[in-house]
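Chemist: Residues per chain, in single letters:
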Amino acid sequence: MVKKSKNTPSAKKNRQEKKPITAPANNAAMSWMKTIGRNWLMSLGTFRHFLWRHKTLYSMMWALILGAPPFLIVNYFSLDAVSASIKENWPVVAAILDADPIKWLLLAVLWAWVCNRLRRFLSSKLNNAPSGWENAAPVLLRLLGSVVGGKEQRFQKALISAGNTGFADPSAVFSEITQPELQMREIMQNVYLAFDALVRQPGHPHTKLKVNLAVINKDGQVLKIMYHYPNDCPVRSPMSELNKPQSAIKTAVRTKRIQIVESMLDAAENPNGNFIVTDQAREDEDGSLICYPVPFKPISDVAFVISVCYLERGTFKNRFANSYTEILEPFALRLRLEYSLLGLKEMMRNDRTG
Amino acid sequence: MTALDKDQLLERMVTRLLADDSDTASTRVLAEKSEKIQRDVRSFNKAMAQPSTAIKASGTTDFKRS
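Residue numbers (numbering that gives the first Met the number 0), protein chains in the order written: chain H, 0 to 353; chain R, 0 to 65.
Because the hints were derived from the structure by calculation, they are not lab data. Check before you lean on any hint, since a few could be wrong.
Looking from chain R toward chain H, a few residues come up when the C-beta cut is under 7 Å (computed) [said to hold, decoys possible]:
1) 26
2) 29
3) 40
4) 48
Every residue, glycine too, gets a C-beta built ideally from N, C-alpha and C.
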């Protein structure tokens, strides 16, 4: 497997994120507590990464954490030799245990359950990638391959045809092998399939996930929602609603940054948020939304916004923005390439007609 | 070549793109594709977990014969 370079932008970003957060001098007690808590969690995260790289050590430590306290408590109350030794060497521990033997025995029984719950809670808080993301690399590899696959077939066909009839008109060959609209459709379909593979839980219907591409004009207005998947779930939001300044798409265009709405219902209640209900018929529908702007520097600021919606609250989380960007950016790059080709074809058409 | 200014070009590109209203994939088509991708990813992960098999399959052990 290819080892990730330490100097990639995402690696740098992650390193920056791991810097301890220092409390401002005039902070209130709560803020100070939060800072301490977050620094502690970050240290724990670093420790966890160390343990992940040393799996045998991790297993041994986990076995020790699970087994040692119940072993100590049960033996303290059942074996005189152990009890005497603890009283002599750790009088404070002995005093604590003697204070309420029943409570400590109960804790010894429940210890493994408490530890497992705590571990699950901490892992969910410390995870720096969404669950299911362990397959992100093979999914991306597979789907980017299929984007190239269609193009490769067209190139082959053109080559065979040129072999039979000769290479007469280069511009005709260019027009034949470049089909930007077709490729953009293929790219968006693969965005759907990527999130379907990574986000959709087994048993959930495919209609829970919706992906589309908003075409933006040079004034930053949404012109049309294209390539919506699945196509039997049509886009019902009117353009006037999508073009309101607080809509997620417009916020993505304005800020030129990925927008993540963890819960559409919660966000709709926030008057200064980055989401408004654009279809009143679905105002009770909750879900999670990502809006990813695709800039096209040569002639406009933001040319497209990719929207990914999953009809279950909390599916997408703000803290995993880097993970979503890692998936969406390779597709955005290909969209930009195809859009450039579309521009070149338009210039060629203009040249012919003009 | 006739020159097109940025605004004209962008306008023509957008018009061309918006004209593409060809049929896109339905839930059934996407479900079939999704199944295939899940299978491919599973077999990819399986192959990566067995490097010796992957090397054999790619034919890189052929040098032994030469």
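Chemist: Hint by hint, say whether it matches the structure.
Modeler: Hints versus structure:
no.	hint	in the structure
1	26	4 Å, holds
2	29	5 Å, holds
3	40	5 Å, holds
4	48	11 Å, violated
In summary, the one numbered hint that this structure violates is 4.
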